[in-house]
Every structure is written in structure tokens, then in C-alpha cells.
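Colleague: Sequence:
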Amino acid sequence: MFIHLAIVLSAFLLALTSYQPAQALANSFTSKPVRSGDNLLSILKQQGFSEKQRQIVLAADPGIRRVFLTLDTKYLVRRDSSEAELIIFDSQANRSFRIHRKGAKVTATKYTPKFNIRHLHVEGRVIGSIMGSILKKVKSNRVASRFTDAYVFDISSPKSLQRGAHFSFTVEKKYVGSQFIKYGEIVQTSLEISGKPLKKKFVRYKTGGVFFNELDLLEDRPFYAPVDYIKIASTFQPNRLHPITKRRQPHMGVDFELPRGYPVFAARTGTVVRYGHNRAAGNYVVLLHSNGMETSYNHMQRIEKNIRQGRRIKVGAVIGQVGCTGYCTRPHLHFAVKKKGRMVNPISYIKSYPVQFERLLESRVATN
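Residue numbering for the sequence shown follows our numbering, starting at 1 and increasing by one per position.
Don't read these hints as lab results, they were simulated from the structure.
A few of these clues could be false.
Stated by the list, open to error - Capping the alpha-carbon separation at 30 Å, the derived lysine-lysine pairs in DSSO-like fashion look like this:
| no. | residue 1 | residue 2 |
| --- | --- | --- |
| 1 | 102 | 114 |
| 2 | 136 | 32 |
| 3 | 32 | 105 |
| 4 | 139 | 196 |
| 5 | 174 | 110 |
| 6 | 105 | 136 |
| 7 | 139 | 231 |
| 8 | 114 | 137 |
| 9 | 137 | 52 |
| 10 | 173 | 201 |
| 11 | 314 | 340 |
Stated by the list, open to error - For each label pair, taking beta carbons as the anchor points, the in silico distance ranges come out as:
| no. | residue 1 | residue 2 | range |
| --- | --- | --- | --- |
| 12 | 100 | 124 | 38 to 44 Å |
| 13 | 100 | 162 | 50 to 56 Å |
| 14 | 136 | 177 | 46 to 52 Å |
| 15 | 36 | 193 | 31 to 37 Å |
| 16 | 311 | 368 | 36 to 42 Å |
| 17 | 139 | 348 | 41 to 47 Å |
It should be emphasised that the depicted structure is a prediction, and the values quoted were computed from it without experimental measurement.
Quick reminder that beta carbons are idealized off the backbone N, C-alpha and C, glycines included.
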């Protein structure tokens, strides 16, 4: 009995001593805010990395050049006289990197954090713009824009959103240990539209997800969403100032902002009438549908090899990948709809989810 007790005690002490260094390591990191004007290179410079060492970091992994940082995301630093270690978290994608410098040796590797998820519930009323009203509650452009993404298909005109309209949402807050890193997804929302609250839940599916209310299944729109994650970067604007040319130039479509490489789907069964590459649209595909309307898919990283002029493409088939070719500042899909030879607002013609989600959403309604 005493021998057995000694063995148990020894195992406990061994576990305790092995846990303490790991816990001490986690606690040795300090969170730092991303400041205005910061990018990965400037942060590395602040932490004592030489120009040569910074170039080594950039060359370590293609994805590290694509890390997107915003003011509402933090990074972790552990530094002493002989070494420095940083953990950088992409603000919008599930991508993180661990960068280590000891003496002249520098390494940069992909890192998979174990986030602790907490939830923050927020309520308020719309005074001015919905974005501005949310930013008064939570200092995060991502949170505010994700809330508006939930209702982009529901707000037909500014008049439907009355002054003083009530809104609420629950958003994920992601921590490493006790240190807050960034906001995650908004998991549920409510917004008073035309005097009535409209509630939505975020439904995840594989690598995507959509904001959903059972009424969305009743929408009689001819096209499905061409991507499996609805994040709107720019809407249909007939009088927009172009971000690159700086000229007043119409934006005759909607931009879905997603990481490079995300799949692009045919919004409806159709026939390829044009595809290829040009200076403005980059890699593009145009489909003609049985209802006489055309859909266009621009700025793709690549076009699927089976795309050929005259080929029939089924709804939901992958036709390419999100990219940033042509006139483009960040990876996105520019999706446009043409009706009777005229460009129309795609939001009025597409459902709030891709065809792959339909059965899942129908089953959610059936079980509720």
C-alpha cells in the first residue's frame, strides 16, 4: 500500500513539475496592440529584428506575407537580452505564425493556437449609422461590419432602419491563456427593421458559414451565393470612387472578401460564354443562365481547368478560387449580375447562402 502511494505521489510531482514550466512559458508572453500604421515588418523592427532577419522571416512561409493586421487584434511577445519570440495572429483568417530569434538564428513557423472562447453580449440602439452605433459599443471594425453582413440581404432601403432601432448581438472573444487576442464570429444577432425584430444565427458548415433566419429559405431569388462565407467588402455603387484609380467609377457588383484560395461556386446552372484574363478583372468567368441573365466572377486566383467556352456548369460547381488579380487591393470575389443587357444590384437577386447549405438549413428549420 505504501509502495503504491509512493508511486502515485511521484507521478503527481512529476506532472506538477512538467506543468509548471509550460505554464510559466505561457505566462511569459505579453500581449501588444497593433498600432495605426503597423505591419509585420514594422513590428519585427520594433522587437529588434535586423533588416536581414526580417527578410528571413518573410521568406520562411508564403502565407506570412499575407498576414492581415487590424487595430482590434493583438500579438504576443516574449523577449529578453538574448532572444525574442513573437506570435502573430491574422485579424481575419485562421492563420498564425510563431517567430523566434536567438542570436543570429531566426525561424518562422505556422502556429495553431488553442483559443479560450468567451462570449460578449451587446445591446444598443441605432443613432446615426448602424456601423457607428456598434463601434460606440465595441471598438472593432470587424465586429461592426460582420453585424451589417448579417442584414445585407434584408435592409432594402435606409428608411427601413429607423432612428432608435434596437439591436443586439453576441460575439466571440478569443483568448490565449488570460490574454485577449481578437474578436471571433458573431454567433447571434437581432435588429429592429421596419419596427419588427429580425433575429439571425450564424450557422457553420465546414470552412464556411452564413447568418440565417428561417425566412431566408422562402426568398424567391434566382441565384445562390457564389461563396460559402458571406463577408461584404463593397456593395453595388453606381457612383463609387475607385480605390486604385482614384476616379469616380461605378462599382457594378458586390465584393465578397475572403482569404486567397477559397472556392468560388456557380450561382446557378449556366453556360460559359466568356473566360480568361484582362487587366481590370484579372482572371474571370462569365456564365449565361436559362433565365437570360449573366453572372460574372472576377479577380480569381485561378480558374478551374474544366472551364471552357460553351461548357455547361452546374449550380454549386467550383469554377475558381478567390484571389487578387487585375485591379485589386485585397483578395476578394467581384460578383456581378447582368439582366437584359444592364448591370443590376446582385444583392437583390442572390440568396444569403450557397446551394451546399440548403439541406443543412432546411434540417435546422425542421428540428426547431
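Colleague: Next, verify each hint and record whether it holds.
Modeller: Do the hints match the structure? See the list:
no.	hint	result
1	102 / 114	holds, 25 Å
2	136 / 32	holds, 22 Å
3	32 / 105	holds, 23 Å
4	139 / 196	holds, 27 Å
5	174 / 110	holds, 18 Å
6	105 / 136	violated, 44 Å
7	139 / 231	holds, 19 Å
8	114 / 137	holds, 27 Å
9	137 / 52	violated, 42 Å
10	173 / 201	holds, 17 Å
11	314 / 340	holds, 22 Å
12	100 / 124: 38 to 44 Å	holds, 43 Å
13	100 / 162: 50 to 56 Å	holds, 54 Å
14	136 / 177: 46 to 52 Å	violated, 29 Å
15	36 / 193: 31 to 37 Å	holds, 34 Å
16	311 / 368: 36 to 42 Å	holds, 40 Å
17	139 / 348: 41 to 47 Å	violated, 33 Å
In this structure, the hints that do not hold are numbers 6, 9, 14 and 17, in rising order.
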